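S.K.: Here is how the chains run, residue by residue.
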Amino acid sequence: MSGLEDLYREIILDHYKSPRNQGRLESPPATLEEGFNPLCGDEITVSVLLEDEIVTDVKIDGQGCSISKSSASLMSAAVKGKSLRQIATIVRTFKSMMSIPEDEAIPFVGPDDPSNASDPPILSEAEMGELIALQGVVKFPVRIKCATLAWNTFSLALKKAQDAKIAPSEAP
Amino acid sequence: MSGLEDLYREIILDHYKSPRNQGRLESPPATLEEGFNPLCGDEITVSVLLEDEIVTDVKIDGQGCSISKSSASLMSAAVKGKSLRQIATIVRTFKSMMSIPEDEAIPFVGPDDPSNASDPPILSEAEMGELIALQGVVKFPVRIKCATLAWNTFSLALKKAQDAKIAPSEAP
Amino acid sequence: MAQVSTTLTSSELTPTSAIRREDFPIFNEVEQKPFVYLDSASSSQRPLVVLEAMDRYYRSTHANVHRGVYRIAEEATALYERARTHLGNFIGAPDPSREIVFTKNATEAANLFVQGLGRRRLDATSTVLLTHLEHHANLVPWMILKEQLGFAIRYIPLTDDGRLDLSDLDQLLDGVSLVGVSLASNVLGTINPVAAIAERAHLAGALVFGDGAQFVPHNTTNVVELGIDALCITGHKMLGPTGIGALWARHELLEEMQPFLGGGEMIADVRLDGFTPNVIPYKFEAGTPPIAEAVGWECALSYLESIGMEKIRHHEVELTRYALSALEEGLGDAITIFGPRDPESRGAVISFELKEIHPHDVSQLLDQEGVCVRAGHHCAKPLMRQLGVAATARASLYLYNGHEDVDALVGALQKCQAFFR
Amino acid sequence: MAQVSTTLTSSELTPTSAIRREDFPIFNEVEQKPFVYLDSASSSQRPLVVLEAMDRYYRSTHANVHRGVYRIAEEATALYERARTHLGNFIGAPDPSREIVFTKNATEAANLFVQGLGRRRLDATSTVLLTHLEHHANLVPWMILKEQLGFAIRYIPLTDDGRLDLSDLDQLLDGVSLVGVSLASNVLGTINPVAAIAERAHLAGALVFGDGAQFVPHNTTNVVELGIDALCITGHKMLGPTGIGALWARHELLEEMQPFLGGGEMIADVRLDGFTPNVIPYKFEAGTPPIAEAVGWECALSYLESIGMEKIRHHEVELTRYALSALEEGLGDAITIFGPRDPESRGAVISFELKEIHPHDVSQLLDQEGVCVRAGHHCAKPLMRQLGVAATARASLYLYNGHEDVDALVGALQKCQAFFR
Ligand SMILES: Cc1ncc(COP(=O)(O)O)c(C=O)c1O
Ligand SMILES: Cc1ncc(COP(=O)(O)O)c(C=O)c1O
Ligand code: FES
Ligand code: FES
Numbered sequence: 521m522s523g524l525e526d527l528y529r530e531i532i533l534d535h536y537k538s539p540r541n542q543g544r545l546e547s548p549p550a551t552l553e554e555g556f557n558p559l560c561g562d563e564i565t566v567s568v569l570l571e572d573e574i575v576t577d578v579k580i581d582g583q584g585c586s587i588s589k590s591s592a593s594l595m596s597a598a599v600k601g602k603s604l605r606q607i608a609t610i611v612r613t614f615k616s617m618m619s620i621p622e623d624e625a626i627p628f629v630g631p632d633d634p635s636n637a638s639d640p641p642i643l644s645e646a647e648m649g650e651l652i653a654l655q656g657v658v659k660f661p662v663r664i665k666c667a668t669l670a671w672n673t674f675s676l677a678l679k680k681a682q683d684a685k686i687a688p689s690e691a692p
Numbered sequence: 521m522s523g524l525e526d527l528y529r530e531i532i533l534d535h536y537k538s539p540r541n542q543g544r545l546e547s548p549p550a551t552l553e554e555g556f557n558p559l560c561g562d563e564i565t566v567s568v569l570l571e572d573e574i575v576t577d578v579k580i581d582g583q584g585c586s587i588s589k590s591s592a593s594l595m596s597a598a599v600k601g602k603s604l605r606q607i608a609t610i611v612r613t614f615k616s617m618m619s620i621p622e623d624e625a626i627p628f629v630g631p632d633d634p635s636n637a638s639d640p641p642i643l644s645e646a647e648m649g650e651l652i653a654l655q656g657v658v659k660f661p662v663r664i665k666c667a668t669l670a671w672n673t674f675s676l677a678l679k680k681a682q683d684a685k686i687a688p689s690e691a692p
Numbered sequence: 062m063a064q065v066s067t068t069l070t071s072s073e074l075t076p077t078s079a080i081r082r083e084d085f086p087i088f089n090e091v092e093q094k095p096f097v098y099l100d101s102a103s104s105s106q107r108p109l110v111v112l113e114a115m116d117r118y119y120r121s122t123h124a125n126v127h128r129g130v131y132r133i134a135e136e137a138t139a140l141y142e143r144a145r146t147h148l149g150n151f152i153g154a155p156d157p158s159r160e161i162v163f164t165k166n167a168t169e170a171a172n173l174f175v176q177g178l179g180r181r182r183l184d185a186t187s188t189v190l191l192t193h194l195e196h197h198a199n200l201v202p203w204m205i206l207k208e209q210l211g212f213a214i215r216y217i218p219l220t221d222d223g224r225l226d227l228s229d230l231d232q233l234l235d236g237v238s239l240v241g242v243s244l245a246s247n248v249l250g251t252i253n254p255v256a257a258i259a260e261r262a263h264l265a266g267a268l269v270f271g272d273g274a275q276f277v278p279h280n281t282t283n284v285v286e287l288g289i290d291a292l293c294i295t296g297h298k299m300l301g302p303t304g305i306g307a308l309w310a311r312h313e314l315l316e317e318m319q320p321f322l323g324g325g326e327m328i329a330d331v332r333l334d335g336f337t338p339n340v341i342p343y344k345f346e347a348g349t350p351p352i353a354e355a356v357g358w359e360c361a362l363s364y365l366e367s368i369g370m371e372k373i374r375h376h377e378v379e380l381t382r383y384a385l386s387a388l389e390e391g392l393g394d395a396i397t398i399f400g401p402r403d404p405e406s407r408g409a410v411i412s413f414e415l416k417e418i419h420p421h422d423v424s425q426l427l428d429q430e431g432v433c434v435r436a437g438h439h440c441a442k443p444l445m446r447q448l449g450v451a452a453t454a455r456a457s458l459y460l461y462n463g464h465e466d467v468d469a470l471v472g473a474l475q476k477c478q479a480f481f482r
Numbered sequence: 062m063a064q065v066s067t068t069l070t071s072s073e074l075t076p077t078s079a080i081r082r083e084d085f086p087i088f089n090e091v092e093q094k095p096f097v098y099l100d101s102a103s104s105s106q107r108p109l110v111v112l113e114a115m116d117r118y119y120r121s122t123h124a125n126v127h128r129g130v131y132r133i134a135e136e137a138t139a140l141y142e143r144a145r146t147h148l149g150n151f152i153g154a155p156d157p158s159r160e161i162v163f164t165k166n167a168t169e170a171a172n173l174f175v176q177g178l179g180r181r182r183l184d185a186t187s188t189v190l191l192t193h194l195e196h197h198a199n200l201v202p203w204m205i206l207k208e209q210l211g212f213a214i215r216y217i218p219l220t221d222d223g224r225l226d227l228s229d230l231d232q233l234l235d236g237v238s239l240v241g242v243s244l245a246s247n248v249l250g251t252i253n254p255v256a257a258i259a260e261r262a263h264l265a266g267a268l269v270f271g272d273g274a275q276f277v278p279h280n281t282t283n284v285v286e287l288g289i290d291a292l293c294i295t296g297h298k299m300l301g302p303t304g305i306g307a308l309w310a311r312h313e314l315l316e317e318m319q320p321f322l323g324g325g326e327m328i329a330d331v332r333l334d335g336f337t338p339n340v341i342p343y344k345f346e347a348g349t350p351p352i353a354e355a356v357g358w359e360c361a362l363s364y365l366e367s368i369g370m371e372k373i374r375h376h377e378v379e380l381t382r383y384a385l386s387a388l389e390e391g392l393g394d395a396i397t398i399f400g401p402r403d404p405e406s407r408g409a410v411i412s413f414e415l416k417e418i419h420p421h422d423v424s425q426l427l428d429q430e431g432v433c434v435r436a437g438h439h440c441a442k443p444l445m446r447q448l449g450v451a452a453t454a455r456a457s458l459y460l461y462n463g464h465e466d467v468d469a470l471v472g473a474l475q476k477c478q479a480f481f482r
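Chains as they are written, first to last, in the working numbering: chain A, 521 to 692; chain B, 521 to 692; chain C, 62 to 482; chain D, 62 to 482.
Okay, chain A solo, but in the shape it has when bound (with noise of 0.2 angstroms):
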């Protein structure tokens, strides 16, 4: 099927039908967010393990397209034991490779912080590995959503864990 090599290479394929990371983790520990896309109505369920800012585990569950369950595989696969640090440049890189505007801050780092920055730090391609995969997808418009649903519940998820370690210590 010529033309669809950009969206499904052989990485995507490989993710989709052996999807790493699978199920979910007991929480807590760790912490729960589900994500939805309206435009077909799959979900997501991200569960992510904080320890010291370390994401030192991440699970994937949920229904959803090829785009989707690989996206959700080839990032769990990237940011499992990466810092918070880490971990925003490589969500900075996947939504520059989705073209996604730069002017949402990414939720789990401070304002101040590089990442947010005008011009933030995103891997090279060298650097990517696997994640590369993933740039057909711009090219699909409406396939877009489903490589982003998983990032976006990660990150969310990833946010809340953080406010659920802060909130304790920092309750006025």
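For the record, the hints were derived by calculation from the structure and aren't laboratory data.
Remember, it's a predicted structure, so these values are computed and weren't measured experimentally.
Every residue, glycine too, gets a C-beta built ideally from N, C-alpha and C.
Misleading hints may appear alongside valid ones.
[To be verified] Cβ pair distances, simulated, as ranges:
1. C/Leu227 - D/Glu90: 24 to 34 angstroms
2. C/Arg117 - A/Asp534: 33 to 43 angstroms
3. D/Asp468 - C/Gly369: 50 to 60 angstroms
4. D/Gly393 - B/Lys659: 30 to 40 angstroms
[Claimed, not checked] Below, simulated DSS-like cross-link-like pairs (lysine-lysine); rule was C-alpha separation at most 25 angstroms, straight line:
5. B/Lys579 - B/Lys679
6. B/Lys659 - B/Lys537
7. B/Lys537 - D/Lys94
8. A/Lys537 - C/Lys207
9. D/Lys207 - C/Lys207
10. A/Lys579 - A/Lys685
11. B/Lys685 - B/Lys659
12. B/Lys537 - D/Lys476
13. C/Lys476 - A/Lys659
14. B/Lys659 - D/Lys94
15. A/Lys537 - C/Lys416
16. D/Lys476 - B/Lys659
17. A/Lys537 - A/Lys679
18. B/Lys600 - B/Lys680
Could you slot chains B, C and D with the ligands onto chain A? The hints should help.
M.R.: Using the frame of chain A, we list chains B, C and D with the ligands on its own:
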């Protein structure tokens, strides 16, 4: 102004400039009815004096365009002094000139009256007199409502006059 | 207006070959080869005559309708009113010139009916009966009004093969004031027994609103024979333009209904302290109506009539029969087809699932083969939940489709399967 | 899309000659000679590029928007959303892609705003401030909601020369929650000082809804500079097709507003017991939107921009100046012109009365000379009562009109006078 002769014939202009039977009758004994043309907002009041099945007097009051005013004036001249039966034929003649469908019964004659038959009597061109001047209106669909305003209002006034006469004796 | 030749060659009468596809410019002019359009249940394409009618209108006649005394305004008004009467006749309305209200689409028509009559007939003690297979257009307007008035909503359930389960209909109808039911489902294809429902609803003292968006484009429609009280339809699904739909309702009901949108044309008088509504149907047409769209839709009606709705229906039944068996033969266990199997009791709308392949992936891969099918919940989320799926893929056929389109679909689905294996 | 040349010869710059009338097919193709179109305030004509854009859309791209995965559905969606953003930019909306809701006309947009925000902000103790010169579109929706909620309506009165009398504005604003005011009157031409009104309204804690139907087609519009909170406009008065209009509102207000029409697209989810609305602006776009109409309107915006709104406004000011003096010179005492005399403070809409000749007779006789003017109450009955007339005749000018059209009007009015003398 070529093409307009049909609409603004000499007779129409004459009745517009010197309308007959202007004003209002005292009520009672006369009956008044108001008419309203929603298309333009013009209003008309028709007064009718019905005595022994004869319309002994009729008067027209209100504002309107030349078509509406001349049609009202022509009507007043045509019906004054006529019997209900004669008037039904005149009204039927007017309606057929305006291409108004025959499905509406004339309110002021009984359903069994020949005027409400499937093939009711109408006046011949020779019998019409000045009324024939109105036949140009039908080519100007928007103006048909102007021409009919006075006629409809008159018909309702007549029905009212009739009901008022019948009511006292026929009331149960 | 619609200068459509009605001569047919015998080959065109073969049931599964398209009816005059050549009348539809998009099949030549789209920048995509091949172009297999199987999404007419979302929106149809339109024949050249319809595009020409609108273009001619704008180029020679356009003026705002009503109240205009000058010639082109009178002509525009006459064309607009002719479209109204024609549409009324097309669906067998008893009083065609007074019973059609033009709206922007079927959805607005449904909202107009629900708000207009619902506010007269419903209160917190009332019950409305809908079905599990309704399009959101025949669900959400009721839910919005329910939030305002507080009545109850009940639903007619479905049988396993996707038909309305009428076994408890009389109980369901007990105490019901208004029934909303689609004439044909946009997901399952099911043609609902609306005449029978209407008869029993009327016996129970309820009025019936029919959603005709998917039925009227494909079948001879007669609202009197159906015995319904109101109907919504939409132009773009029946060869007409976007931007126009209509409500039909019995004129007594239109008289009874509250005005909905307020503005110009729908009034007889406005004072600083209030207004008097206009006569029907104008009472419901606030503001400048879709004039060119009415002209285009009327031309589409003429075109459909010139072919004949029976012939279109016959074509679709045969094509659906062909498609159902071609899909099963070509894909076997890998495909699940929803809805009734008997082509006589359904429209040419085929929803399906390909085993373990998400409908959006199906649609995406089909697009690469030039095959356009829709994937999603088709604005029928409650039905999706009944079917136990988040979405389906849906192929829908119309008069310009033929067996070669079905073959292309089957071939593309096979490739799709191979791709994800 | 709109391939419009912007080269102008110096003769075209003469203020009172039409701006590229040759772009508008109707002036050649109408079956009526002469054809002097002076009714653009009712509905404008459209340039060829607009008709071509819609035709091309139907011939090459049409599919239903949203949710479609296949190419032409994506393209149709992209065109539709591009129109939205373009329109937002055209009126200076701060968040163009989220703040424009497409409707069927300006009237629906007004109803949507009034019901959507009114139901959040108004109750029996509230007051709404309108004016004596509003079109029914900015009166009746408020009256319908008033019947449902029971608030009070006040009106800004007029001065003798047909302007809003703002001398008591602060008192009038006392306790007011929402203000509805037209940017320009469709009868008197008056351009209202909306920026000043908005400033004082905001100080008094009220929000301002502007009716831009007559202003936006003829002037540079910037909602931020005007300081208003919401605006309704309509496509067919600004070289676009019938069947489309729009509401702009600040996005916080759109978020706050209740959904109005229910159905497909406007929901995020539907369950049997209720629904969750979609995000803005989709929350307000129920059912299939006017897609081809959006494509046509967008092309009209490009066409207007290619000429320049300042240039159009300048042309109209000069032409109005010419018309006002030509009418007075040509008809003297026999004519009464309503509205402000200063062309800088009014639009090119000229309502008048010919002594002792009914406006409908004027319009009828003018039609015989090929001159199209509207006669009637112009959907502004309260204003008619203020003016003490049942109706007026109204000539309205646009970019395709020139001084020869004004001359034809004056000549025809003279004949009309002679005819009835
Ligand atoms: C001032 C004003 N507001 C609103 C409208 C309504 O526009 P539409 O008929 O397109 O809804 C008009 C047009 O007649 C108008 O002149
Ligand atoms: C059954 C049914 N009802 C209503 C509608 C709504 O039609 P429209 O989008 O034209 O308002 C549709 C179309 O999607 C439909 O399939
Ligand atoms: S189609 Fe639902 S997530 Fe892709
Ligand atoms: S225009 Fe009003 S009655 Fe003729």
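S.K.: Of the numbered hints stated earlier in the document, which are not met by this structure?
M.R.: 1, 2, 7, 8, 11 and 17
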